[in-house]
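Enquirer: Could you build all of it, start to finish, from the sequences and the hints given here?
If you're matching them up, the sequences are chains A, B and C in order.
Everything in the first sequence is counted per this note's numbering, starting at 1 for the first residue and increasing by one.
Everything in the second sequence is counted per this note's numbering, starting at 1001 for the first residue and increasing by one.
Everything in the third sequence is counted per this note's numbering, starting at 2001 for the first residue and increasing by one.
No lab work stands behind these hints: they were computed from the structure.
For every residue, glycine included, the Cβ atom is placed at its ideal position computed from N, Cα and C.
Relax, there's no trap hidden among the hints.
Derived list of chain A stretches under chain B, where covered just means 3 residues or more per stretch with a C-beta under 8 angstroms from a C-beta of chain B: (1) 43–54; (2) 78–84; (3) 90–99; (4) 123–136.
So the derived list for chain B, only partly shown, Cβ under 10 angstroms to chain C, looks like this: (5) R1003; (6) Q1004; (7) L1037; (8) I1042; (9) A1094.
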Amino acid sequence: MIRQSMLTLDARPRGFHLITSEVRQALPDLSGVRAGLLHVFIQHTSASLTINENASPDVRSDMEDHFDEMVPENQPYYDHTIEGSDDMPAHIKASLLDTSLTIPIRDGELALGTWQGIYLNEHRDHGGRRSLVLTITGSTGDETAT
Amino acid sequence: MIRQSMLTLDARPRGFHLITSEVRQALPDLSGVRAGLLHVFIQHTSASLTINENASPDVRSDMEDHFDEMVPENQPYYDHTIEGSDDMPAHIKASLLDTSLTIPIRDGELALGTWQGIYLNEHRDHGGRRSLVLTITGSTGDETAT
Amino acid sequence: MIRQSMLTLDARPRGFHLITSEVRQALPDLSGVRAGLLHVFIQHTSASLTINENASPDVRSDMEDHFDEMVPENQPYYDHTIEGSDDMPAHIKASLLDTSLTIPIRDGELALGTWQGIYLNEHRDHGGRRSLVLTITGSTGDETAT
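Expert: Spelled out as structure tokens, the structure:
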């Protein structure tokens, strides 16, 4: 079976944000999936997705600091500057991180590790709302050996 | 349903290249898929795939400049130098970017955002032709609630 | 059809390690899949997965050297330091690389390129055992045009 839906996330400030519970709440069919995969896709090129630690907020602010250091604004070799100094670094960060995530589903739950959460990474200073496409492929019955 | 096919891309110069329309043309079955996923896999370790801005060519040349800065040639700690100074950086860039992409399909179309395109990232000076494996999983009928 | 299983990897030293044959051996059903996808997911945030060259061990040690250079320990902007100097860099490397891989299956085999192998990237000095979730989606019959 395949289930597909859209999820619009409210605008968030620049930085790394936990969205695991928001994604879960958008998946009413999850509990009926015995074995499968959830695919999460972000329809933008200046924000991205990743999976990382779900506990300490310091991890998320250190991620922001490190990506700003690895991909600085105002580099002399940037030609794509018309949309602001945060724009070209946002595109590079989006490709270094991920435009989509695939997460296993097992017995009606996302099979994330204990410390794993889903992050929305907002790379623009004023990114606005962000659109996700959620797709579940899976089996609901007993035909799947797990 | 599952459809799988191969796509061979002509040799391109080192850099980031838009291949969205070439991938679409290799998928005659796409229009019949109501909800599903396209998986694109590159069978190489010195070229890669990513999704990024489909409009300004400056984004693609700035990506090339930045990845060359982040992953320079001729670093003193490289031991794998026998295949040329562009080889080890190509392997690192391939892992920083992506060996595969998964893109949602919705009502017979790739559900890319307005500004998203598929890039082939050629990391070698003379990389030659590149082989992709394209796999569609999806539903053609009314059983999928979308 | 969907098949899902767990694979626990023994503890490995910090660095990049080839695990292709270990993953293959954990997939007894692979040979019956005519066309499909293998999804490999690591349930941790300080180790990761990638696909890269399967031949020269120098590639794997150069990867370790370069990621240590790109994501150094003891940066002044790290606040998340309580779990050791290798911890925050491990989280960043895990997001730069991958938490999951998707690999096509074709005629009962992983459709990897000649030089491609699956890497486990251990980013901690003492990371311990690592848990993977393996999910195969695919077709066993003749209904798939390939």
